[in-house]
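Residues per chain are reported as follows:
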Amino acid sequence: MEFKQLVINNSDSIVQKWMEEIDSLKDSNYTATISDELYESTNREFVNVIFTSIRNEGSTKAVEDFSEKIINLGWPLSYITDGLQIFRRVSTEYLLTQSEKVDSNFFTNLSASVNDWVEPLIRELVNEYSGSWEHIVSLQRVALQELSAPLIPVMEGITIMPLIGTIDTERAKLIMENLLEGAIKHNSEVVLIDITGVPVVDTMVAHHIIQAAEAVRLIGATCILVGIRPEIAQTIVNLGIDLSNFPTKSSLKKGFSTALEITGRHVTDLNVKENNIEKMMDSLRGE
Amino acid sequence: MKPQACVNIHKEWDIVGARQLGREMAKDLGFGTVDQARIATAVSELARNIYLYAEQGQICFEIIDTIERRGLCMIAVDSGPGIADISQVMQDGFTTSGGLGAGLPGVKRLMDEFDIRSEVGEGTKIKATKWIR
Ligand SMILES: Nc1ncnc2c1ncn2[C@@H]1O[C@H](COP(=O)(O)OP(=O)(O)O)[C@@H](O)[C@H]1O
Ligand SMILES: [Mg+2]
Numbered sequence: 001m002e003f004k005q006l007v008i009n010n011s012d013s014i015v016q017k018w019m020e021e022i023d024s025l026k027d028s029n030y031t032a033t034i035s036d037e038l039y040e041s042t043n044r045e046f047v048n049v050i051f052t053s054i055r056n057e058g059s060t061k062a063v064e065d066f067s068e069k070i071i072n073l074g075w076p077l078s079y080i081t082d083g084l085q086i087f088r089r090v091s092t093e094y095l096l097t098q099s100e101k102v103d104s105n106f107f108t109n110l111s112a113s114v115n116d117w118v119e120p121l122i123r124e125l126v127n128e129y130s131g132s133w134e135h136i137v138s139l140q141r142v143a144l145q146e147l148s149a150p151l152i153p154v155m156e157g158i159t160i161m162p163l164i165g166t167i168d169t170e171r172a173k174l175i176m177e178n179l180l181e182g183a184i185k186h187n188s189e190v191v192l193i194d195i196t197g198v199p200v201v202d203t204m205v206a207h208h209i210i211q212a213a214e215a216v217r218l219i220g221a222t223c224i225l226v227g228i229r230p231e232i233a234q235t236i237v238n239l240g241i242d243l244s245n246f247p248t249k250s251s252l253k254k255g256f257s258t259a260l261e262i263t264g265r266h267v268t269d270l271n272v273k274e275n276n277i278e279k280m281m282d283s284l285r286g287e
Numbered sequence: 001m002k003p004q005a006c007v008n009i010h011k012e013w014d015i016v017g018a019r020q021l022g023r024e025m026a027k028d029l030g031f032g033t034v035d036q037a038r039i040a041t042a043v044s045e046l047a048r049n050i051y052l053y054a055e056q057g058q059i060c061f062e063i064i065d066t067i068e069r070r071g072l073c074m075i076a077v078d079s080g081p082g083i084a085d086i087s088q089v090m091q092d093g094f095t096t097s098g099g100l101g102a103g104l105p106g107v108k109r110l111m112d113e114f115d116i117r118s119e120v121g122e123g124t125k126i127k128a129t130k131w132i133r
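Chains V and E, in that order, are what the protein sequence lines are.
Using the UniProt record's numbering, you'd call the opening residue of the first sequence number 1 and step up by one each time.
Using the UniProt record's numbering, you'd call the opening residue of the second sequence number 1 and step up by one each time.
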């Protein structure tokens with residue numbers, strides 16, 4: 001108890017020593033690109049949090065706010081752990097210089113006492129920091145999930161699902177859900193699944209695609225698999241997977257033409273038509 | 001011949017790590033794009049089988065480089081439940097998990113050499129090699 005009071009009463013000199021030490025970390029370390037003002041003011045806030053926490057024996061709000069700030073600044077966890085290690089060392093050294101007789105018993109008591117206030121703080125700050133990280137990661141997961149099986153209604157009756165990247169079981173489930181939900185919502189006659197960006201088509205991926213295509217067929221639409229690269233076509237054949245039951249096209253372009261045919265449309269080149277009209281007019285004039 | 005690189009399989013995403021390593025080694029050895037895709041797909045099948053049926057195991061890759069020929073060998077080992085009837089699982093369409101049942105026979109066709117050993121209650125070891133032509 002009395003050590004703690006000593007540290008609190010002499011916070012000025014301890015803070016000063018602490019500031020000097022943490023400042024020396026700046027250049028050699030992670031925070032080299034941070035402005036001096038920001039570094040200094042954050043350090044001050046940090047040491048205030050440390051002292052508030054020692055005084056109130058754990059003030060959660062200040063700790064919470066501070067660790068959130070460090071994360072938002074993009075500073076590493078080591079800034080927090082380094083800062084607390086320095087605090088432990090600086091306080092211990094300070095207390096040692098303040099005492100006349102130092103024997104091993106005294107030293108044991110002293111370091112036990114310092115650990116008593118520093119360790120809960122380390123635990124709390126690290127937990128807060130990693131908790132916020134987990135929160136960010138889970139938000140990004142949701143964001144990624146929303147991107148992982150997009151469905152694009154390109155025109156009345158035609159929808160495209162471009163797949164890019166590895167397909168795991170979770171994503172395969174999303175593909176199926178989005179495909180059916182979207183095909184119904186957009187009233188699709190044709191759905192194109194583009195696998196140009198899928199690196200490996202193994203039996204699991206093929207199985208999911210086949211199931212998705214069959215489900216699309218059940219709701220009365222046609223599913224065309226497009227973007228089958230030559231090497232993927234080879235491996236699918238080697239695996240012995242039978243895709244003959246539903247339409248496949250090598251490119252999105254070819255698949256789209258087929259989709260237009262199915263929906264009773266075709267692409268006309270307006271320039272060519274105009275030229276033809278001009279030619280017709282010319283020939284009429286010539287008569 | 002000694003192991004050159006191994007990947008532990010216990011999460012689904014380890015499958016991706018294993019096939020990336022397989023593809024990388026195949027590329028370095030000079031395999032063409034089609035064979036790279038074949039090797040990556042074979043790794044994917046064996047790694048997924050470990051993940052699905054044995055929960056965990058390992059995929060190791062060995063580079064074979066002799067005067068006569070060069071190639072890549074993959075060895076999938078697990079200490080899972082093992083396979084009672086090997087000829088059954090080597091048939092197209094046989095599955096105990098509602099899959100396509102094309103994995104093991106597919107790997108045999110994707111690769112040049114294929115060897116499977118399994119003991120019920122002991123585990124499974126599958127060795128498959130692709131030669132550079
Ligand atoms: N490593 C393994 N350990 C135990 N059983 C396996 C293993 N690999 C495959 N099997 C069995 O062999 C069957 C066929 O495997 P596979 O050809 O890959 O098809 P699928 O995985 O689609 O079922 C599996 O359903 C499973 O019962
Ligand atoms: Mg399988």
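It should be emphasised that the hints constitute simulated quantities derived from the structure, not laboratory data.
There could be a bad hint or two in this list.
To spell it out: a stretch of chain E is covered by chain V in this simulated footprint if at least three of its residues, at any positions, have a beta carbon under 8 Å from a beta carbon of chain V; those stretches are [said to hold, decoys possible]:
id, segment
1, 31–41
2, 92–100
3, 106–115
4, 119–127
All values derive from a computational prediction rather than experimental measurement.
Every residue gets a Cβ at the ideal spot worked out from N, C-alpha and C, and that includes glycine.
Hint by hint, here is what the structure shows:
1. 31–41: holds (count 7)
2. 92–100: holds (count 3)
3. 106–115: n = 3 at 8 Å, threshold three: holds.
4. 119–127: violated (count 0)
Checked against the numbered hints listed earlier, the structure breaks hint 4 alone; every other hint is satisfied.
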